[in-house]
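Enquirer: If you want the building blocks of each chain, they are given just below.
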Amino acid sequence: MLRKITFWYGQLLTWLLAASVAILIFPVSLQIFSRYTALIPSYIWTEEMARFFFIWSIMLGAMVGIREGTHFMVDLWPPLQGRARSALRLVAAVFVLVFALVFLWWGIDFTRFAFNRISELAELPLWYIHLPWPLAGVTWVLFLGEQMWDDLKVLATG
Amino acid sequence: MIGATVLDPGTASMIMFGVFFALLALRVPVAFALGLACLPIFIIEERLTPQNLVQETFNAYNSFILLAVPFFLLTANLMNVGGITTRLVRLSRDLVGHFPGGLAQVNVVLSLFFAGISGSSTADAASQSKIFIEAQRKEGYHDSFSVAITAVSAVLAVIVPPSILMIVWGGLLTVSIGGLFLAGIVPGVLIALVQMGTVHVYAKLRNYPTYPRATLVETIKAIGVAIPALMTPVIIIGGKIFGWFTATESACIAVLYAAALTMLVYREMDWKGLHHALLETGRLTGVALFCVGTASAFGWLLAYYQIPKALLENVVTWGMGPIATGFFIAGVFLVVGCILDAIPAIVIVGTVLEPLAKSVGLDPIHFAMIGIVSLAFGLVTPPYGLCLMIAAHIAGMRVVDALKDVFIMLIPMFGVLALVIMWPQLVLFLPRLFPPGTL
Numbered sequence: 001m002l003r004k005i006t007f008w009y010g011q012l013l014t015w016l017l018a019a020s021v022a023i024l025i026f027p028v029s030l031q032i033f034s035r036y037t038a039l040i041p042s043y044i045w046t047e048e049m050a051r052f053f054f055i056w057s058i059m060l061g062a063m064v065g066i067r068e069g070t071h072f073m074v075d076l077w078p079p080l081q082g083r084a085r086s087a088l089r090l091v092a093a094v095f096v097l098v099f100a101l102v103f104l105w106w107g108i109d110f111t112r113f114a115f116n117r118i119s120e121l122a123e124l125p126l127w128y129i130h131l132p133w134p135l136a137g138v139t140w141v142l143f144l145g146e147q148m149w150d151d152l153k154v155l156a157t158g
Numbered sequence: 001m002i003g004a005t006v007l008d009p010g011t012a013s014m015i016m017f018g019v020f021f022a023l024l025a026l027r028v029p030v031a032f033a034l035g036l037a038c039l040p041i042f043i044i045e046e047r048l049t050p051q052n053l054v055q056e057t058f059n060a061y062n063s064f065i066l067l068a069v070p071f072f073l074l075t076a077n078l079m080n081v082g083g084i085t086t087r088l089v090r091l092s093r094d095l096v097g098h099f100p101g102g103l104a105q106v107n108v109v110l111s112l113f114f115a116g117i118s119g120s121s122t123a124d125a126a127s128q129s130k131i132f133i134e135a136q137r138k139e140g141y142h143d144s145f146s147v148a149i150t151a152v153s154a155v156l157a158v159i160v161p162p163s164i165l166m167i168v169w170g171g172l173l174t175v176s177i178g179g180l181f182l183a184g185i186v187p188g189v190l191i192a193l194v195q196m197g198t199v200h201v202y203a204k205l206r207n208y209p210t211y212p213r214a215t216l217v218e219t220i221k222a223i224g225v226a227i228p229a230l231m232t233p234v235i236i237i238g239g240k241i242f243g244w245f246t247a248t249e250s251a252c253i254a255v256l257y258a259a260a261l262t263m264l265v266y267r268e269m270d271w272k273g274l275h276h277a278l279l280e281t282g283r284l285t286g287v288a289l290f291c292v293g294t295a296s297a298f299g300w301l302l303a304y305y306q307i308p309k310a311l312l313e314n315v316v317t318w319g320m321g322p323i324a325t326g327f328f329i330a331g332v333f334l335v336v337g338c339i340l341d342a343i344p345a346i347v348i349v350g351t352v353l354e355p356l357a358k359s360v361g362l363d364p365i366h367f368a369m370i371g372i373v374s375l376a377f378g379l380v381t382p383p384y385g386l387c388l389m390i391a392a393h394i395a396g397m398r399v400v401d402a403l404k405d406v407f408i409m410l411i412p413m414f415g416v417l418a419l420v421i422m423w424p425q426l427v428l429f430l431p432r433l434f435p436p437g438t439l
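Protein chains in written order, with the working numbering: chain Y, 1 to 158; chain B, 1 to 439.
In case anyone wonders, no lab produced these hints; they're calculated from the structure.
Mixed in with the good hints, there may be bad ones.
Claimed, not checked - Examples of chain B residues toward chain Y, derived with CB under 10 Å:
| no. | residue |
| --- | --- |
| 1 | PHE42 |
| 2 | ILE44 |
| 3 | GLU45 |
| 4 | LEU95 |
| 5 | TRP318 |
| 6 | PRO322 |
| 7 | PRO383 |
Claimed, not checked - Derived coverage of chain B by chain Y (criterion: at least 3 residues anywhere in the stretch with Cβ under 8 Å from a Cβ of chain Y; other residues may be distant):
| no. | stretch |
| --- | --- |
| 8 | 19-29 |
| 9 | 121-129 |
| 10 | 269-280 |
| 11 | 362-374 |
From the three backbone atoms N, C-alpha and C, an ideal C-beta is built for every residue, glycine too.
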């Protein structure tokens, strides 16, 4: 059951990721073309909107990266199997978990700070773009928990 | 700020670098290791809290300049799924396929074309590994050679304009990005030429196969088909230099142009391909730029303790001239490039070395090119050589097994780097054709 949830949540995140990348093109194109034609008014919020979606796409990508195990790492170990592999993965996962909790704990404060503030140009609520930090924290805890559970099982059963 | 801190700079830097390297050894991802290395300091220092980690990563991403990264990745992905790459392969083959080691020569020349359109070496390494490694294996090339040449030719993407590294460098250290674009052309072409020379020697020694020479008509036809794609660098670089759009906007133009080509001219794009291109872009953007955020926090802490300044005061007393300083800078970037990704390396080291470069009178563009070329080489040097890791992964072999050939191929490339250091005109003459202030 829980596994189904993490699976669909992972799917949802990848869709949002692809969508946020696609949306990025829109404000920047608008910004360029509005400069050269009188047909499109030059909006002042294009740059800000681009940054908003950019922040979301980085953080969504970083969330998906933990699920898919694609964050770059330096591999100095010989190829490991079975228990040794799981043990090493668990050690690394504990540290990433600490990082996730930092993002969750201080990310909540970070988002709460921004509750009453709005952006300079488009006057959007700022917490919209602070939210990815605690969200990343929760998401990582969820995905890491799943992976650590699997590794613990390997460790226990061999 | 010194005096008001709990830790002295020496202890602080020892904690930071100690934790960072220990975590790397435990296979904690680089981005997370950088952030965790800052954590003890944020807790110990009274004036700082882990909130600073959140804030500094936020500040790093809240940047219009870095936005060029996903755009260039997307351009590359659109080229691959939309048939632009296939047409460029065809053209490269007609141009250099009849040289010894034909397919490997095509590999290098395609990287050069690709470099002129996309600004991302990782995208280049990923797509060309898929095209060439299997094909070269079938034609009897050794695997380690195939992996090595694919990886080292991929570094052209960040040396030849447009380049993500140039945009980041220019934005961070306020150097003219248009000027950097122009400065990269000559070293890029030189590196491609020495790589073709290396392939030539390998092919002669090992009897690698070659293709029959293409007829003039075939070549002209291939050029005709590829011309719309080859116009991309002209539009991007021209647009930047003449001030039609900013660096980030030029990357967006590249996306729009590539999308228009694949949908309207070559007509090979479907919804599935588009979704795939967008998702791949998002994935790579996420992991690559997340690392920039934590590296920025790391760099911010180093600056907080004024550690770079302390290190540099020492170096300045050595009394090096411009050329010796150039080699020193290249050495530092080469070493750092082995363990860090290029963008975080610019964030942390580029800002540190800038005053040194200034003190001996290196031109900012010259300094930037030394740094960028050195960092580009770092993309194929272990333990953290992203292009090499990607190529080896796709070939299904260990990185160590390709190292010998990589280092052989790097030797002539180091020659080009030395030339860039000793002969500033090599990179400076193109930007200097434009009157100051126009770039």
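Enquirer: Run every hint past the structure and note whether it holds.
Expert: These are the hints, each one checked on the structure:
1. PHE42: 9 Å, holds
2. ILE44: 15 Å, violated
3. GLU45: Cβ of GLU45 (chain B) sits 15 Å from chain Y, so the hint is violated.
4. LEU95: 33 Å, violated
5. TRP318: Cβ of TRP318 (chain B) sits 31 Å from chain Y, so the hint is violated.
6. PRO322: 34 Å, violated
7. PRO383: 5 Å, holds
8. 19-29: holds (count 7)
9. 121-129: The restraint on the stretch 121-129 of chain B is violated, since only 0 of its residues have a Cβ under 8 Å from chain Y and three are required.
10. 269-280: Since three or more residues must qualify, the claim that chain Y covers the stretch 269-280 of chain B holds, with 3 doing so at under 8 Å.
11. 362-374: With 0 residues close enough to chain Y, the hint is violated.
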